[in-house]
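Student: Listed below, chain by chain, are the residues.
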Amino acid sequence: MIPRIELTGVSKRFGSRQVLDGLDVAVMPGESLVIIGGSGTGKSVTLKCILGLIPIDGGSIKVDGQEVAGLKGAALDAHRTRFGMLFQGGALFDSLPVWRNISFALSGTPADRRSAAIDNLARVGLAAEVADLKPAELSGGMQKRVALARAIAARPPIIFFDEPTAGLDPITAAVINRLIRTLVTDLKITAITITHDMASVRLIADRVAMLHAGKIIWNGPLAGLDACDNAYVRQFITGSADGPIQMPGARP
Amino acid sequence: MIAALVAIGAPVLAALASIGRLTRFAVTALSRLLQPPWYPAQLAQQMLVIGWLSLPVVGLTAIFTGSALAQQIFIGGSRFNAASTVPAVTVIGVVRELGPVLGGLMVAGRVASAMAAELGTMRVTEQIDALVTLRTDPFRWLVAPRILAAVLVMPFLVLVSNALGVMGGWLLATQRLGFNSAQYLATTQRYLEVDDVVSSLVKAGVFGFFIALMGCYHGYHSGGGAAGVGRATTNAVVSSFILILLSNLIITVIVFGS
Ligand SMILES: Nc1ncnc2c1ncn2[C@@H]1O[C@H](COP(=O)(O)OP(=O)(O)O)[C@@H](O)[C@H]1O
Ligand SMILES: [Mg+2]
Chain H
1 MIPRIELTGV
11 SKRFGSRQVL
21 DGLDVAVMPG
31 ESLVIIGGSG
41 TGKSVTLKCI
51 LGLIPIDGGS
61 IKVDGQEVAG
71 LKGAALDAHR
81 TRFGMLFQGG
91 ALFDSLPVWR
101 NISFALSGTP
111 ADRRSAAIDN
121 LARVGLAAEV
131 ADLKPAELSG
141 GMQKRVALAR
151 AIAARPPIIF
161 FDEPTAGLDP
171 ITAAVINRLI
181 RTLVTDLKIT
191 AITITHDMAS
201 VRLIADRVAM
211 LHAGKIIWNG
221 PLAGLDACDN
231 AYVRQFITGS
241 ADGPIQMPGA
251 RP
Chain C
1001 MIAALVAIGA
1011 PVLAALASIG
1021 RLTRFAVTAL
1031 SRLLQPPWYP
1041 AQLAQQMLVI
1051 GWLSLPVVGL
1061 TAIFTGSALA
1071 QQIFIGGSRF
1081 NAASTVPAVT
1091 VIGVVRELGP
1101 VLGGLMVAGR
1111 VASAMAAELG
1121 TMRVTEQIDA
1131 LVTLRTDPFR
1141 WLVAPRILAA
1151 VLVMPFLVLV
1161 SNALGVMGGW
1171 LLATQRLGFN
1181 SAQYLATTQR
1191 YLEVDDVVSS
1201 LVKAGVFGFF
1211 IALMGCYHGY
1221 HSGGGAAGVG
1231 RATTNAVVSS
1241 FILILLSNLI
1251 ITVIVFGS
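Top line first, the protein sequences correspond to chains H and C.
Read in order, the letters of the first sequence correspond to residues 1 to 252 in this note's numbering.
Read in order, the letters of the second sequence correspond to residues 1001 to 1258 in this note's numbering.
By construction, these hints were calculated from the structure, which means they are not laboratory data.
Model, not experiment: these values are computed from the prediction.
Heads up, a few of these hints could be off.
Claimed, not checked - Keeping only pairs whose Cα atoms sit at most 20 Å apart, straight-line, the calculated DMTMM-like set for lysine to aspartate or glutamate is:
#1 H:K62 / H:D21
#2 H:K62 / H:D24
#3 H:K62 / H:D77
#4 H:K72 / C:D1129
#5 H:K72 / C:D1137
To be verified - Not the full set, but computed from the structure, chain C residues with beta-carbon under 10 Å of chain H:
#6 S1078
#7 N1081
#8 T1085
#9 E1118
#10 T1125
#11 E1126
#12 V1132
#13 T1133
#14 D1137
Unchecked claim - Just so you have them, the derived chain C footprint on chain H, three or more residues with Cβ under 8 Å:
#15 47-53
#16 223-233
Here a beta-carbon is modelled for each residue, glycine too, at the ideal position from N, C-alpha and C.
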């Protein structure tokens, strides 16, 4: 079977900082991949490279077997129609009310788009009253959920979730985790989720990949996570300060 | 020797590169105006923000400056028994130079900074990335409407600025300097030429273009969090001021220099 998304040897440098350094990862159709890894290791950059928001320096990115790195114009637009993206900070348009944010990429009359927006609000556990508010009037957690509603509104076959539960209370986080799982299991979307939250990893993932120093250093089914003897992964999932991953300045 | 060349060459190359980037940015934005999709609601909103909301500050600037100009011409002119030139020199000074330039600078202070701050915030909060992912071209949605709105609206603002500047001079001359109102207005009309008004409006359009271009360019390329947005805002204001003053000089020399 051809992977839905396949990255081979992807590298990306910002100035003198080599963020991605020969990254290989693949996601099968209908699979939910979770990428874990420390802050600033390039997880968000990886998603942006796939979406063509950041040009890569080298390597290959294939979607359904076709090379997408370097696409331009209409071909790039067509490539992007397959994706929904929940940005790490939400990235809601603060000049537009919630319903226009959610229905931004939808077509139809304003009334249709408004009711589609309200349906999508319900899917993320928000009431219809939220529709007419501006993003600035919402709490951080509500903004995140509105952003999630926007990412799923156009029913794209592939959705990226960048830290979907960061900053949410445990109950809302559980609602979001279940929604992502439902999208994958029932609607057969392909998902890549970035998270630091091990509870989310266990609920969302079919497969887990760990990014460290610009490479995927471990990649396997969720069931293999606990049995994994990779010291980096072990340190990450147990949340220990002691291990091969060291923060600069954390030790005397 | 080579070190000296390198020392001179690097900033020159950097300057050329940024002129190249800016030109490409402007050409991209203008090319988006030529084909759909257009976003008329965005255009209308920008025209309101740039035009209507700038009226008070542009109007006040014009009235105060027009009055001060009339007072100075009167004082200066009295030394040569030429105090009667107040209406003629005031209208020429206001319409040719002060109306467009001061109007342009005031709008630049208000609008270029606001555009840079808004687009810069959208950049650092990933809203521009989100726009692209939702298949909307930020040049069409954000940049082109702002540039077009500024070019369309600035001539109207400058007309208001000119009219209020002349009115400020007339008010001061008739209320304080003892000029006869009807005579003052008749002289004003006699000395005001079509060329003056046309050059004034051309300047206004050019200034509007530079104001929006600088605001959008610096905001769009903003980086580095809140500090980056602050830098973008400052750069937008300073660079639009310089471009306004420079293009004003060029247009003045071309139109009136021969
Ligand atoms: N547009 C950019 N320009 C320069 N550096 C960037 C850019 N985007 C990300 N980076 C840098 O790349 C590194 C990885 O960022 P990111 O992918 O956001 O990390 P994370 O794994 O926490 O999501 C960081 O050091 C960040 O500063
Ligand atoms: Mg990130």
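Student: Could you run down the list of hints and mark each one as holding or not?
Tutor: Against the structure, the hints:
For a cut-off of 20 Å, the pair hint linking K62 (chain H) to D21 (chain H) stands: about 17 Å separates their Cα positions. For the suggested pair K62 (chain H) and D24 (chain H), the alpha carbons sit about 11 Å apart, so the restraint of at most 20 Å is met. Straight-line distance between C-alpha atoms of K62 (chain H) and D77 (chain H) comes to about 15 Å, which keeps the hinted pair within the 20 Å bound. At roughly 16 Å between alpha-carbon atoms, K72 (chain H) and D1129 (chain C) fall within 20 Å of each other, so this suggested pair holds.
Simply put, K72 (chain H) and D1137 (chain C) have alpha-carbon atoms about 13 Å apart, close enough for the 20 Å limit, and the pair holds. Against a cut-off of 10 Å between C-beta atoms, the interface hint on S1078 (chain C) is violated, since the closest Cβ of chain H lies about 55 Å away. Because the closest C-beta pair between N1081 (chain C) and chain H is about 59 Å apart, greater than 10 Å, the hint is violated. Look at T1085 (chain C): its Cβ only gets to about 50 Å from chain H, farther than 10 Å, so that hint breaks.
Satisfaction of the interface hint for E1118 (chain C) is found here, the shortest Cβ-Cβ separation to chain H being roughly 8 Å, below the 10 Å cut-off. Checking T1125 (chain C) against chain H: minimum C-beta separation of about 6 Å stays under 10 Å; hint holds. Annotation: interface hint on E1126 (chain C) holds; nearest CB of chain H at approximately 4 Å, less than 10 Å. Because the smallest distance between the Cβ of V1132 (chain C) and any Cβ of chain H comes to about 6 Å, under 10 Å, the interface hint for this residue holds.
At a threshold of 10 Å, the smallest CB-CB gap from T1133 (chain C) to chain H is about 5 Å, leaving the interface hint in force. With its C-beta approaching chain H no nearer than about 9 Å, D1137 (chain C) sits inside the 10 Å limit, and its interface hint holds. Counting residues of the region 47-53 of chain H whose C-beta lies closer than 8 Å to any C-beta of chain C gives 3; at least three are required, and the coverage claim holds. Residues of the region 223-233 of chain H with a Cβ under 8 Å from some Cβ of chain C number 0, which does not satisfy the need for three, so the listed coverage is violated.
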